[in-house]
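Listed below, chain by chain, are the residues.
Protein chains: 2
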Amino acid sequence: MKKTITVVGLGLIGGSLAIALRGFEDYEIVGVDVSQPTLRFAAEHGVADRVTEDAGAVIPGADVVILALHPRGIVRFLSEYRDRFQPGALVTDVCGIKTTVMAGAEVLPPEVDFIGCHPMAGTEFSGIEHAFGDMFRDSHLILTPRETSTPAHIALMERMAAHLGCKDVYKTTPEAHDAMIAYTSQMMHIIAVSVCDDQRLFSCKGFEGSSFRGCTRVAALDVGLWTELFSMNTPALLEVLDRLLENLQSYRDTLAAADAGTLSQKLAYSAARKRQMDLPGPDLLA
Amino acid sequence: MKKTITVVGLGLIGGSLAIALRGFEDYEIVGVDVSQPTLRFAAEHGVADRVTEDAGAVIPGADVVILALHPRGIVRFLSEYRDRFQPGALVTDVCGIKTTVMAGAEVLPPEVDFIGCHPMAGTEFSGIEHAFGDMFRDSHLILTPRETSTPAHIALMERMAAHLGCKDVYKTTPEAHDAMIAYTSQMMHIIAVSVCDDQRLFSCKGFEGSSFRGCTRVAALDVGLWTELFSMNTPALLEVLDRLLENLQSYRDTLAAADAGTLSQKLAYSAARKRQMDLPGPDLLA
Chain A
93 MKKTITVVGL GLIGGSLAIA LRGFEDYEIV GVDVSQPTLR FAAEHGVADR VTEDAGAVIP
153 GADVVILALH PRGIVRFLSE YRDRFQPGAL VTDVCGIKTT VMAGAEVLPP EVDFIGCHPM
213 AGTEFSGIEH AFGDMFRDSH LILTPRETST PAHIALMERM AAHLGCKDVY KTTPEAHDAM
273 IAYTSQMMHI IAVSVCDDQR LFSCKGFEGS SFRGCTRVAA LDVGLWTELF SMNTPALLEV
333 LDRLLENLQS YRDTLAAADA GTLSQKLAYS AARKRQMDLP GPDLLA
Chain B
93 MKKTITVVGL GLIGGSLAIA LRGFEDYEIV GVDVSQPTLR FAAEHGVADR VTEDAGAVIP
153 GADVVILALH PRGIVRFLSE YRDRFQPGAL VTDVCGIKTT VMAGAEVLPP EVDFIGCHPM
213 AGTEFSGIEH AFGDMFRDSH LILTPRETST PAHIALMERM AAHLGCKDVY KTTPEAHDAM
273 IAYTSQMMHI IAVSVCDDQR LFSCKGFEGS SFRGCTRVAA LDVGLWTELF SMNTPALLEV
333 LDRLLENLQS YRDTLAAADA GTLSQKLAYS AARKRQMDLP GPDLLA
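In order, the protein sequence lines correspond to chains A and B. Using the working numbering, the first residue of the first sequence is number 93, and each one after it goes up by one. Using the working numbering, the first residue of the second sequence is number 93, and each one after it goes up by one.
If you are wondering where the hints come from, they were derived from the structure by calculation, not from laboratory data. Be careful, since some hints might not be right.
[Stated by the list, open to error] In silico DMTMM-like cross-links for lysine to aspartate or glutamate, where the CA-CA straight-line distance does not exceed 25 Å: (1) B:Lys297 to A:Asp260; (2) A:Lys297 to B:Glu239; (3) B:Lys95 to B:Asp175; (4) A:Lys263 to B:Asp290; (5) A:Lys297 to B:Glu250; (6) B:Lys297 to A:Glu331; (7) A:Lys259 to A:Asp370; (8) A:Lys263 to A:Glu239; (9) A:Lys297 to B:Asp155; (10) A:Lys263 to A:Asp370; (11) A:Lys297 to B:Asp175; (12) B:Lys263 to A:Glu203; (13) A:Lys263 to A:Glu203; (14) B:Lys297 to A:Asp230; (15) B:Lys259 to B:Asp290; (16) A:Lys263 to A:Glu331; (17) B:Lys297 to A:Glu338; (18) A:Lys297 to A:Asp334; (19) B:Lys297 to A:Asp290; (20) B:Lys297 to A:Glu267; (21) B:Lys263 to B:Asp351; (22) B:Lys297 to A:Glu203; (23) A:Lys297 to B:Asp230; (24) A:Lys94 to A:Glu198.
Computed from a predicted model, the values in this text were never measured in an experiment.
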């Protein structure tokens with residue numbers, strides 16, 4: 093009998109995962125969602141091998157369950173279905189906060205493993221109609237295994253990552269993940285929305301180039317999701333935001349002092365850091 | 093006899109322009125640079141129809157001269173060659189600051205036209221080896237004509253823009269250009285270098301996704317060029333930076349207040365602005 097991977101939540105990420113996982117080893121991909129239009133879209137577009145609205149009917153038969161819900165939804169689902177998972181099952185998720193999710197997974201019985209997962213991929217859109225199987229190609233995948241997670245489960249996650257086309261897999265703690273993501277992801281979103289709050293936004297059309305589009309792309313964010321993510325990681329986010337405010341203020345003051353020599357030195361310092369940071373990553377030069 | 097477009101400065105932008113302009117109507121494309129390696133590269137790769145280090149020999153025969161130098165270099169070139177341009181010639185440039193350049197063009201005799209030009213395209217690299225003819229495809233091109241610029245010259249610039257593959261051409265004043273560009277371009281560069289000044293930069297490898305790459309890409313900037321650009325537009329840049337600092341601080345304070353309702357409202361406001369701003373530009377959704 094085929095083994096089963098059940099993806100709960102067929103939004104942008106869950107839908108893309110289901111598409112990308114089709115054909116993975118000998119697994120059948122089952123999609124679960126509560127929305128009828130989403131299920132219809134998934135069925136019509138072959139997003140999974142089969143789809144259902146009835147999580148209770150498929151969770152007990154799933155070898156792997158991927159929770160592609162918002163953080164609070166994941167915690168709720170784990171609590172509601174804690175006794176329905178198959179003994180020996182691997183449960184994982186895709187969400188951008190790991191301490192809250194790993195704490196929520198404590199409700200699971202000891203024979204059900206949970207490995208936190210965060211694929212560093214996505215777009216500024218939501219919903220299954222924007223899902224695409226190539227989403228994870230060349231992106232990082234971060235895992236936060238439990239101390240008790242089995243090597244077999246970790247190896248399974250790594251094979252799934254390879255099937256998704258991920259560039260590499262990093263394993264870390266939930267705390268380290270959340271501290272790092274405050275800088276590399278959450279702060280980028282706060283910058284993007286802050287730039288879009290400027291009074292010039294609408295009048296600047298026709299004057300924007302790739303740097304503006306690159307910086308502000310993610311401002312069109314999923315408000316509910318990001319309210320949760322920011323709220324669950326506030327201390328780490330405040331720490332990096334305060335450093336950003338200092339670093340911006342330092343550039344501002346150097347500009348105001350009209351000292352081209354100092355400005356040039358500062359720019360040389362920052363540009364060299366950026367070049368050094370990118371060095372081993374030729375994909376970053378694309 | 094063929095008419096001539098002379099591109100002075102075969103760096104990233106000038107080299108890309110020369111490549112992209114080849115085959116434009118019945119013009120011969122002549123490339124000028126002071127660097128022998130650059131000229132050799134240009135000759136070997138067919139960057140222009142012919143190349144030379146001797147600007148003085150080709151300027152008098154040029155129907156169009158495109159100055160693809162740094163701002164101070166443009167001003168110096170205009171001053172040095174003011175009496176060498178052909179009567180009726182059109183001189184233009186490619187640089188990201190227009191007030192300084194248009195003021196520098198005042199030295200030209202009245203029979204030589206100058207139309208400021210800023211193609212909103214580029215990469216974070218420098219030098220002819222990174223030049224490519226598709227650079228300007230789907231980007232905006234901004235013109236700052238003089239009041240005395242002839243309709244024939246403006247039409248010629250528009251035909252060149254179409255040949256480059258530009259999406260559209262905007263005409264504005266040097267002052268309006270510089271104020272707008274402080275927001276859409278210069279501020280993006282200050283953000284990028286400030287983000288790269290964070291102590292976490294090198295340790296975050298493996299945790300960065302497309303939002304981080306999109307925001308910080310331009311931090312690897314050409315230090316000499318951007319020192320000039322920032323120094324020539326400081327008041328406008330300070331104005332938008334001060335608004336950014338306020339908007340970031342407002343998000344920071346909302347986060348610190350741990351009020352999810354207010355945070356959600358703020359995010360909804362900013363995200364809606366971003367979506368509204370992008371609406372008529374389907375290319376922005378790519």
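Status of each hint after checking the structure:
no.	hint	result
1	B:Lys297 to A:Asp260	holds (11 Å)
2	A:Lys297 to B:Glu239	holds (24 Å)
3	B:Lys95 to B:Asp175	holds (20 Å)
4	A:Lys263 to B:Asp290	holds (23 Å)
5	A:Lys297 to B:Glu250	holds (19 Å)
6	B:Lys297 to A:Glu331	holds (19 Å)
7	A:Lys259 to A:Asp370	holds (15 Å)
8	A:Lys263 to A:Glu239	holds (12 Å)
9	A:Lys297 to B:Asp155	violated (32 Å)
10	A:Lys263 to A:Asp370	holds (21 Å)
11	A:Lys297 to B:Asp175	violated (38 Å)
12	B:Lys263 to A:Glu203	violated (68 Å)
13	A:Lys263 to A:Glu203	holds (22 Å)
14	B:Lys297 to A:Asp230	holds (14 Å)
15	B:Lys259 to B:Asp290	violated (36 Å)
16	A:Lys263 to A:Glu331	holds (23 Å)
17	B:Lys297 to A:Glu338	holds (23 Å)
18	A:Lys297 to A:Asp334	violated (30 Å)
19	B:Lys297 to A:Asp290	violated (31 Å)
20	B:Lys297 to A:Glu267	holds (16 Å)
21	B:Lys263 to B:Asp351	violated (45 Å)
22	B:Lys297 to A:Glu203	violated (34 Å)
23	A:Lys297 to B:Asp230	holds (14 Å)
24	A:Lys94 to A:Glu198	violated (29 Å)
In this structure, the earlier hints numbered 9, 11, 12, 15, 18, 19, 21, 22, 24 are contradicted, and the remaining ones agree with it.
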